[in-house]
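J.: Chains D, G, Z and U are the protein sequences, given in the same order.
Each residue of the first sequence is one higher than the one before, counting from 0 in numbering that gives the first Met the number 0.
Each residue of the second sequence is one higher than the one before, counting from 0 in numbering that gives the first Met the number 0.
Each residue of the third sequence is one higher than the one before, counting from 0 in numbering that gives the first Met the number 0.
Each residue of the fourth sequence is one higher than the one before, counting from 0 in numbering that gives the first Met the number 0.
In case anyone wonders, no lab produced these hints; they're calculated from the structure.
For clarity, every value in this text was computed on a predicted model and none was experimentally measured.
Note that beta-carbon positions come from the ideal geometry of N, C-alpha and C, so glycine has one too.
Take these hints with a grain of salt, some might be off.
Said to hold, decoys possible - With a straight-line cut-off of 30 Å between C-alpha atoms, the simulated DSSO-like cross-links for lysine-lysine are:
1. 113(Z) to 30(Z)
2. 162(G) to 445(Z)
3. 162(G) to 439(Z)
4. 443(Z) to 162(G)
5. 455(G) to 565(G)
6. 30(G) to 30(Z)
7. 110(G) to 439(Z)
Claimed, not checked - Listed next, the stretches of chain D that the computed footprint assigns to chain U, with coverage defined by at least 3 CB atoms under 8 Å from CB atoms of chain U:
8. 8-16
9. 20-26
10. 32-42
11. 62-71
12. 74-82
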Amino acid sequence: MITLDSCLIIGAALFTLGFLAVLTKRNAISVLMGVELILNAANINFVAFGFFRSYEIHGVLIALFVIVIAVSEAAVALAIVLNIYRNMRTVNLDEVDSLKK
Amino acid sequence: MTLLYLAIIIWLLPLLTFIIQIFFGNRLPRKGDWVVVGAMFIDLALALVIFGNVIYKYNPDFRAVLQFDWISLGGQDFPLGFVLDNVTAVMLVVVTLVSALIFLYSIGYMKGDPLYSRYFAYLSFFAFSMLGVVLFENLFGIYICWELVGLSSYLLIGFWFEKDSASDAGKKAFITNRVGDFGMFLGMLIVFSALGTFSLEGIKNGVESGQLSGTLLTAAGILFFMGAVGKSAQFPLHVWLPDAMEGPTPVSALIHAATMVAAGVYLIVRIVFMLTPVSTVVIAYIGGFTAFFAATIALTQNDIKRILAYSTVSQLGYMMLALGTGSYAAGLFHLMTHAFFKALLFLGSGSIIYAMHHALHAVNNDADPQNINNMGGLRRKMKVTFWTYLVATLAISGVPFTSGFISKDAILAGTLSFAGRYPQHFLLPFFGFAAAGITAFYMFRLVFKTFFGEFKISEAREHIHESGKIMTVPLVGFAVFCFFAFYTAGNNSISLSSPGEGWFYDLIKPPEQTAMTAAEMPFSEEIYEQEELPAEPGASHSYAIFLSLLIVGAGIVVSYRTYISKTISAETWAAMYPRLYRGMYNKWYIDEFYHATVIKLIFVWSALCRWFDNVIIDGIVNGSARITVIFSWFEGKFDNIVIDGIVNGIANATQILGWFTRQFQTGRIQNYLVGFLIGIFVIIIFRMM
Amino acid sequence: MGFLTLITFIPLVGAAIITFLPKGKIALIKKVSVAATGLTLLLTIIMLLRFDRTMPGINKEGQFQFVEHHKWIEVFNIDYFMGVDGLSFPMILLTALLCFLCVFASWNIDRAQKGYFALFLLLETGMIGTFCSLDFFLFYIFWEVMLLPMYFLIGIWGGPRREYAAIKFFLYTLFGSLLMLLSMLAFYFTNEPHTFNMLTIMQNSITYTRTFQYWVYIALFIGFAIKVPIFPFHTWLPDAHVEAPTPISVILAAILLKMGTYGLLRISYPMLPDAANYFAYGLAILGLINILYGAFAAMAQTDLKKLVAYSSISHMGYVLLGMSVFTSAGINGAVLQMFNHGTITAMLFLIVGVIYDRAHHREISGFGGLGSQMPIYTGITSFAFFASFGLPGLSGFISEAMVFIGAFPVYKYITVFAVSGVIITAGYFLWTLQRIFLGKLQDKYKTLPEISGMEIFTLAPLMIIILFVGVYPMPVLNLMRASLNYLIEVVHP
Amino acid sequence: MSGFDIVFLFFAVITIGSAALVVFSKKITHAAFALMFSLFGVAGLYVFLSADFLAAVQIIIYIGGILVLLLFGVLLTVKISSITITTQSTQRIWGAIAGTGLFILVLTIIIRADWFIPEKDPGDIYFTQSRQIGERLMTEYLLPFEIASVLLLAALIGAMFMIRSEDK
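Looking at chain D on its own, in the form it has when it is part of the complex (with noise of 0.2 Å):
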């Protein structure tokens, strides 16, 4: 049961839920745990792959910077929706559509 293909499976699925979440949520706090969820998909990716395919522990290590880059990740973006907040009152991403000016 334990195969790599089942837990690329997981991934695939939790990357997939992830990017659902980027694409419909309209709050960009969610949107912002979908980008969690694909790293997560990622991470489990990684490690899979180096649980079989090797014996070192590359993923791993690799899966832990990741971590790092997300951690930073949800800092910045975080502080960036509150940035927007503060000036739109709002973080509601379709109201946000300055781009298209």
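Based on the hints, put chains G, Z and U in the right spot on chain D.
T.: Structure of chains G, Z and U alone, referenced to chain D:
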């Protein structure tokens, strides 16, 4: 060899004083004149040591050469070299002696001038470059110093640069000299391209071996002579020398009478081995003509220095005449004697001008202190000046027992024997003798008008004084050298009239005239005989003495009768031949001729060049720019109507399309992401199919 | 990092530092400029001490010195390839020295100093880089780098007609660059494998057809002729010189003009030897025209700076004449004349700047009698004028004489006419000297201050060089003669 | 199906189910808690993949750090007036299509690909991971490690800079 090193020290000492003077002159006590004069006397002493050695050796073939590398290009090399032979030794003494005495004289003459120290700096520089001309064994080296001599002449002529006439004269001198140097440089180019060397020794070998011959050799000789024509103020480049009298009088004496102008003669002496028959004849004719021509001008001039200037030109013509007719030693000999008596004449004039200037200044009379018509009766006031002046006048006129007599006589004898062998050149002795007579006449005219009779500006008479010791001592010094005995002393005898047995002729031997013997004399083949050509005054000598004495005596007598006893009226003669008189007085309009032709042409041509640049070339450049502008205007019209029509149509279409596509631009990243994904799917599906 | 990279890019670093300095700190900006140019000069002098005078260079990589050869853009076979030989090194020396002096001559620039010095240093990088590069592409880049700062330096800090002059300069030289670019590409595609390496292009020179050589030579020649400038492409020069600020005129005349002849010797000659021989006679005639035309036009000028500019045209004619004959004396004389003209004309322009700073005009006829007011300045000016018209004992004479000596056996009549140019040159310089310094002093100039210590400081090194080379030119000739003699072997065997 | 498998399946279900809740729940607080479970599930999966250290890190950083951060974000940005903190969805249809398509695509790739799996000798890798990770971080991965630290620092400063109050 030691002597040669000594000579190089002589050469470099003035350079050292020049550097000291130009940088520290004003800070030294007495503005540093003692440095320069002292150094020059040391030079004189050293030169005398060399000369004594040469006399002691008494060897006509004495020659020491020092060669050293200067420029080396790997293939072509340009070494330089110094030479010390009898000619050099004599020239060294002449130059240093004249220089030393004139430097000394300058202390008095230039006293109180605001640029006193710079004057001595220039004098040192002149001495340095002149000695360089004498010492270099190499045409390139000679050329360098040749031009530097011209530079110092330029600087000293224009010394009182606030006077426009002085700065004009300086410029004229330099540029006229440059014209001559142009010829000389071309001569050097010919020689170098044929022989690959500038060394006189090398050229001599080359000419002897026939590597350079024929027309090219003749051309080279004439071109070198062109350089000499410029420097020695021969016709037609003589115009600068009379103007050069704008410089201080000691400068005129030193540079424009005694030494620098003689450099041309010296150059011809140095390259005499490469003269072909044609070039010697050219030299002889130009020299002879100049001697005669300048003398005629001197006849009518009133400026004391200008008379002397034309007389210098005339005497230099003699020297050239001598060289051209093969009297090699006589030419050089006359150079030496002339240096002394002409320097003396100038210094005497300087003394007169100095006295006149102060006298006129004292009574606030602005008459020209140099005009001989304003003078007269000075012999009582200025005894030393008068007697020394008289000695010099006798010498230049060629009165027996003076140095001028023996040297001029040798030249005239040479021309006579030359004409004896080539009767078609009868004009040469004619020029020589005629010039001798005229010279005697105008020199005595000068003396009579200045020293005899009554002083013309009576109120200033009381203020005329003899010059100070520092000026009269050099006069006496030079006067001593106007006596024949210095020159004719031989190994064990002193000849009264002929220099032929003196040390000079013993030591200074003409070279075997290789070019003359190697080439054909093109225009007189039947008369030309090889062994006769080294023409020295021989049988015609006594004949020449007689004739010249006659002519000179006549000149003096006529002069006496015109200006003292007044039995001949100069004015009547002038009125009888007005054209002749005006021609002489206006120097035969040579200057005017140059102004109207050469100089005018250059200015017109340069204005034309400028016009061409500004109008034609810039016109093309700017015109092409303008055409572009006009073209672009038309293009603009075309654009507005035709192209813009199309463009606007396209723009409208684009606008509609843009409105359509803008609907997809929501500004929401999420929409974009969806679009992006769908795009990916489409691509993948396409790839799969 | 090698010497060449250092001397090329130290000025650039200086320029970068200056751009980060605040605008007001003018003293600091000047200090940085002095440091950058001074360091470059110092390194160049160290190079001079280590320079091997026997290595010819020209078309053999092993014979170049201080070589740096790295791959740069491999796809197009472009290398970062620098090296010097006897042809380029004297020019680098000259550039480093003059840039150093010109920083001091720029002391009185009164507006936008920051931009001025930054551009000036950028210009130096361009110039040194051009002389160092042995890769055609690199050469071209530096060539263009040089062009742009020049445009701004004339166009912003120039005189009243600066825009006109700057645009004229820019268009002329851009046109030249375009032709050069075309020729460069022609070489690139003719060689198999495609290469920009100059030495390879030279070594393959026998494989080019004659027609190819002639056409490329003409294209390159026009490009370089504009820089020299050769009649009739010369009219940008007087305008640019007159309008440019003094130090820029100096750089323009002393170094940029040399780029043209340097380009001919470095690129056209060894790459296209057949064409070089074929067109040599024409080059000699153009040289003669330059000499006489420049001299005559100079005589007619009323603006002192324009006169000096035309004298440059005339003097570059000697270089062309010397280059056109493939004799040792001729070509050595030509390159020596490049060096000497660099120093002499720099002096002349600095001198013009001195008087312009004081009197605020340059009309020759407006002066007179300055000799009694400014004796030191008069002495220095006379020195420079004498050097310029070829007085023996000063450097100009040596190179002119060598050019004539080299040219005479080959082109007799041309040389004879060229020598006569020396008379005209002496004429107009002496005339100018007379009109400015001699005669009576006008009252309005009675307060003109004497030349200052700083100005003498910029002139004195040049005077020493001119005098030294004039008396003993071997130290400079030693640098170049091995290369140039070998160049003759390559081009005219 | 062994006990291991059952536990594994359990964690997988928790992970994916909670993730689905994150996506589909209306209330953002619910979504946040669902995310917590999902991340917890991932940590469990890590254990199965013998990445025990990583599992611990996952729980500490993600659940203890990031999630708390997100919750703070939620609380700071909601309007006080709206008590029900909702999170609505947009473009559901397109999103659904795209999502499904993506999933199918990835799934196809996973299944179609022939993953090479070498013979495995599960000897020493299970119990010495922490030590190995420490050693690797100080040797082989030193540079990325340092870069990561710089990145963290930069993110920290950047975040603080961005949210600082403009008034002061």
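J.: Holds or violated: the region 74-82 of chain D covered by chain U, criterion of 3 or more residues with Cβ-Cβ distance under 8 Å?
T.: holds (count 8)
J.: Keeping to a limit of 30 Å between CA atoms, is the pair of residue 113(Z) and residue 30(Z) held or broken?
T.: Holds, because 12 Å separates the two Cα atoms, which is no more than 30 Å.
J.: Residue 455(G) and residue 565(G) were given as a pair; does the straight-line alpha-carbon distance stay at or below 30 Å?
T.: Holds, at about 17 Å.
J.: Using a Cβ cutoff of 8 Å, are there at least 3 residues of the region 62-71 of chain D near chain U, or does the coverage claim fail?
T.: The restraint on the region 62-71 of chain D holds, since 9 of its residues have a Cβ under 8 Å from chain U and three suffice.
J.: Decide if the proposed pair is consistent with the structure: residue 162(G) and residue 445(Z), CA atoms, cutoff 30 Å inclusive.
T.: 18 Å, holds
J.: Take the region 20-26 of chain D, compare each residue's beta carbon with every beta carbon of chain U, and decide whether three or more fall closer than 8 Å.
T.: Holds, because 6 residues of the region 20-26 of chain D bring their Cβ atoms closer than 8 Å to Cβ atoms of chain U.
J.: Are the Cα atoms of residue 162(G) and residue 439(Z) separated by 30 Å or less?
T.: Status holds; Cα separation ~7 Å.
J.: Has the given pair, residue 110(G) with residue 439(Z), been kept, meaning a C-alpha gap of at most 30 Å?
T.: Satisfied, since the Cα-Cα distance of roughly 22 Å is no more than 30 Å.
J.: Keeping to a limit of 30 Å between CA atoms, is the pair of residue 30(G) and residue 30(Z) held or broken?
T.: With a Cα-Cα distance of about 42 Å, the restraint between residue 30(G) and residue 30(Z) is violated, given a limit of 30 Å.
J.: Given that the region 8-16 of chain D was listed as covered by chain U, double-check it with a C-beta distance under 8 Å for 3 or more residues.
T.: Holds, because 8 residues of the region 8-16 of chain D bring their Cβ atoms closer than 8 Å to Cβ atoms of chain U.
J.: Go check the region 32-42 of chain D versus chain U for me, would you? Three or more residues, Cβ under 8 Å, otherwise it fails.
T.: Per the Cβ count (6), the hint holds.
J.: Would you mind confirming whether the straight-line C-alpha gap from residue 443(Z) to residue 162(G) stays at or under 30 Å?
T.: With Cα atoms ~19 Å apart, residue 443(Z) and residue 162(G) stay inside 30 Å; holds.
Against the hints set out earlier in the document, a violation occurs for number 6 only.
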